[in-house]
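For the record, the sequence lines run as chains A and B.
When we follow the numbering used here, the leftmost residue of the first sequence carries the number 1, and every step to the right adds one.
When we follow the numbering used here, the leftmost residue of the second sequence carries the number 284, and every step to the right adds one.
Keep in mind that the hints are not guaranteed to be accurate.
Listed below are several chain B residues computed to face chain A (Cβ distance under 10 Å; list not exhaustive) [to be verified]:
(1) Leu302
(2) Ala311
(3) Phe325
(4) Leu372
(5) Asn397
(6) Phe407
(7) Ile408
(8) Asn410
(9) Phe453
(10) Ala516
(11) Met559
(12) Tyr567
Covered by chain A, according to a simulated footprint, are these stretches of chain B (three or more residues, beta-carbon under 8 Å) [what the hints assert, rightly or not]:
(13) 374-383
(14) 455-467
(15) 532-542
Where chain A lies over chain B, by a calculated footprint (3+ residues, C-beta under 8 Å) [said to hold, decoys possible]:
(16) 412-425
(17) 546-555
Please keep in mind that the hints were generated in silico from the structure rather than gathered at the bench.
Since we're looking at a predicted model, the values are computed, not measured.
For glycine and all other residues, C-beta sits at the position ideal for the given N, C-alpha and C.
Single-letter residue listing:
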Amino acid sequence: MTVAGRIGKLTWWEIFARALLYLWCGFSIFVFLWVINSSLKTNREFFSNIWALFSTPQTANYEKVWVTYQLGRYFINSLLLVLPSVLALLAISAPAAYVLARIPFPFREGLTRIVSFGMGIPYQLLLVPLFFLLFRLGLINNLLGLILVYVALSVPFTVFLLLGYFRTLPRTLEEAAEIDGCGPIRTFFQIMLPLARNGLVAAAVLNFVGLWNEFLLALTFLNRQSLYPLSRGLYALQGSLQYTGDWVSLFAAFTLVVIPTFLLFILLSRTIVAGMTMGAVKE
Amino acid sequence: MKRKHLPMVVTFLAPCLLLYGGLFLYPAGRAFYVSLFDWSGFTADMRFIGLGNFQELLRDRHFWRVVMANSFGIIFFGGILTFAIAFFLSGLIATGPRGKGFMRGLIYFPSIINPVAVAILWSFIYNHQYGLLNGFLRAIGLGHIQPTWTAPETLFWAILVALVWMYSGFYFVILSSALERVPPDQIESARIEGASEVRIFFSVKIPMIWDVLITTIIYWCIAAVKEFSLLYAWGGGVDVPQAGAQNLATYMYITAFGRRVTMYRMGYSTAMGVVMFLIVVAFYLVITRVTKRDEIQY
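All chains, please: the whole structure from these sequences, using the hints.
Here is the structure:
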C-alpha cells in the first residue's frame, strides 16, 4: 500500500486499525474491571467516588447475593435444567441426524426440510399454545416441563448441525462395516458416532450456552421462585436490589454470573467458534 | 430402500420427531387457530372473531408507532450497525496485530454473556448520576453535559447500542473466519491489476463469502425479530417495559402474560406471534430471491 504511507514497518492504515481495535477491546476490559472493582466496595464508597479503588474487599457483597438473594439456588436450578436438556437433546438428535444424513428412505428430503424449518420459527409464535399445552399436562412450574420444551425447541438447530457432520464422513466406512457383518445400528454406535465427536461436542457446547442464557421460556413457564434459573433469578434480583439502591451487591451478582461463562469460554472458545462457523458454512 | 433399514429408521427418528412434533410443530400450528379467537386463556369460552385480532392490530396506533417501529428499527438499524462493525473489525483484525486471538475472543465474548446481565451492565454505563458515561464526561471536564441517556426519546437508541455491542462479536467471528478463507492469490491478482482496497472488498471478497453472508443476514433477521431478553430485562423488574423497550417480542409477551398490568389477551398476543412469523417468512423470501448468486457476476 504505497498510497497509505508508512511509519517504521507499519502503514498508517495498520496503525489506525490497531488503535481502533485496542479501543474496542479496551472498552470491554475497562467496563468489566470497573464492575469487579465496584463489587468489592461498600455502597458508601461507591457513591462517593465511582472511580476509586476498593479499600478493603467487601466479600460480604458476594455472600449476600449468593445466599440471601439465592443466586446459588438459581445456579443449581440452571444446572438441573440445562445439563439434562443438553444430554437428552443429543441422545435424540444424533440418531435422527444420522438417519437423515446417511440412510436412504422415502420422504427423507421432506422430513429434513420439516425439521430445519423450525429454525425459522420465532418461539413467540407458539408461546401461548405451548403454555396451555403444558398447563393441561400439569407441567407449568415444573423443571421437567421446561426441559422437554428446551429439548423440543433445540431439535432443529441441533439436527441441522449434526447432519452437516455426519454428511462429511466417507461412505466407504459403512460399506466396510457391512462387509464385515456389522449391522447398521452397531455401525452407528461403534463407528459413526465416535467419528462425529467434534460435532457432538460443538452441539453440546452451543446448546449449553444458549439454554443457560435463555430467558423468555423460563419467565413464561416457571413462576415459583424456588425454581428460577439464572436469567429469571437475576432479573428478580435486579428488581429488588435496584429498588433498595444496593448497587455494590448488583455488581457482585453481575460478576458471579459472568465469571463461569468466562471460564467456560476460555476452556471451549475453539469448539464454540468451530461449531458456529460450521453451522454457517454448511447451508 | 433396503427393507432391513426400516426398523432402524423408525426407532432413530421416533423420539426426536415425536417431541419436535408435539411440543414445537403442534403448538406452532395451533397458534394460527388461536389467533382467530378472543380468549382470556383461563376460561373455556373462546369467542371466534375471524381476523378480528389482525384488524385490531392494523388499527392499533401504539402497535405501529412504537412496537413495529422498534422491531423494524432493530432489524434495519441494528443490522446495518452490527454488520458494519463486524466487517470493520474483521478488516482491522486481518492486519494481524499482536494479541489477535485474545482480541478476537474478547470481541466475541459479550454474545455469550447472559442477556439479563448485559442489561444490568448497560444500566451501570448509562446511569445518570453514577454511570460510567456521565462519570467519564465529568472526568474529562465536560461535567456540564450530563445527558439522560435512557430518557424516553433516546431509550430505543441506548438499547440499540447495547444490543449491537452484544451481538456484533458473534457476526464478527463468522464473517472474519469466512473472509480468511478467501484465497489470497485472488486478492493479490486484483491488487496487481490496480484495484483499490474498497473495490477488492466489494468485488472480490464479498462475492467469495456470498453464501455465508446471506445465511448470516437471514439469521440476523430471525434473531432481531425475536429479540426479547435484553429489552424485557432493561430497567429491571418493572414488568411493563417502557415504550423504547417495546418490540413485537416484549409487547406480545405482556399482552398475554404481563403480571403487573394483567391483560391476558391470548388471541391478540398470538396474532402478534403470527405477525412475527410472517415477517421472518417475508424476509427469508425477499432475501433469497433478491440475492440469487448468479445475478452478481464477478
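Evaluation of the provided hints:
Hint on Leu302 (chain B) holds. Least Cβ distance to chain A is approximately 5 Å, under the 10 Å limit. With 10 Å as the threshold, the beta carbon of Ala311 (chain B) comes within range of chain A, its nearest partner Cβ sitting at about 5 Å, so the hint holds. Given hint, Phe325 (chain B) at the interface with chain A, holds; its Cβ is 9 Å from that chain's nearest Cβ, closer than 10 Å. Interface restraint check: Leu372 (chain B) against chain A, minimum CB-CB distance 7 Å, threshold 10 Å, status holds.
This hint holds: Asn397 (chain B) has a C-beta 5 Å from the nearest C-beta of chain A, less than the 10 Å allowed. Hint status for Phe407 (chain B): holds, given a least beta-carbon distance of 7 Å to chain A, under 10 Å. Among the interface hints, the one on Ile408 (chain B) holds; its C-beta lies about 7 Å from the nearest C-beta in chain A, closer than the 10 Å criterion. Because the beta carbon of Asn410 (chain B) sits about 9 Å from the nearest beta carbon in chain A, less than 10 Å, this interface hint is met.
Annotation: Phe453 (chain B) was flagged as interfacial toward chain A, and the flag holds, the nearest CB pair being 7 Å apart, inside 10 Å. With a cut of 10 Å, the hint placing Ala516 (chain B) at the interface with chain A holds, because the nearest CB-to-CB distance is about 6 Å. Taking 10 Å as the C-beta contact cut-off toward chain A, the hint placing Met559 (chain B) at the interface holds, the least distance being around 5 Å. Against a cut-off of 10 Å between C-beta atoms, the interface hint on Tyr567 (chain B) holds, since the closest Cβ of chain A lies about 6 Å away.
Counting residues of the stretch 374-383 of chain B whose C-beta sits closer than 8 Å to any C-beta of chain A gives 5, which meets the bar of three, so the coverage hint holds. Counting residues of the stretch 455-467 of chain B whose CB lies closer than 8 Å to any CB of chain A gives 4, which reaches the minimum of 3, so the coverage claim holds. Counting residues of the stretch 532-542 of chain B whose C-beta sits closer than 8 Å to any C-beta of chain A gives 5, which meets the bar of three, so the coverage hint holds. Taking a C-beta to C-beta cut-off of 8 Å, the stretch 412-425 of chain B contributes 4 residues in contact with chain A, enough for the three needed, and the coverage statement holds.
With 4 residues having a Cβ less than 8 Å from any Cβ of chain A, the stretch 546-555 of chain B passes the three-residue criterion, so the hint holds.
Violated hints: none; the structure is consistent with every hint.
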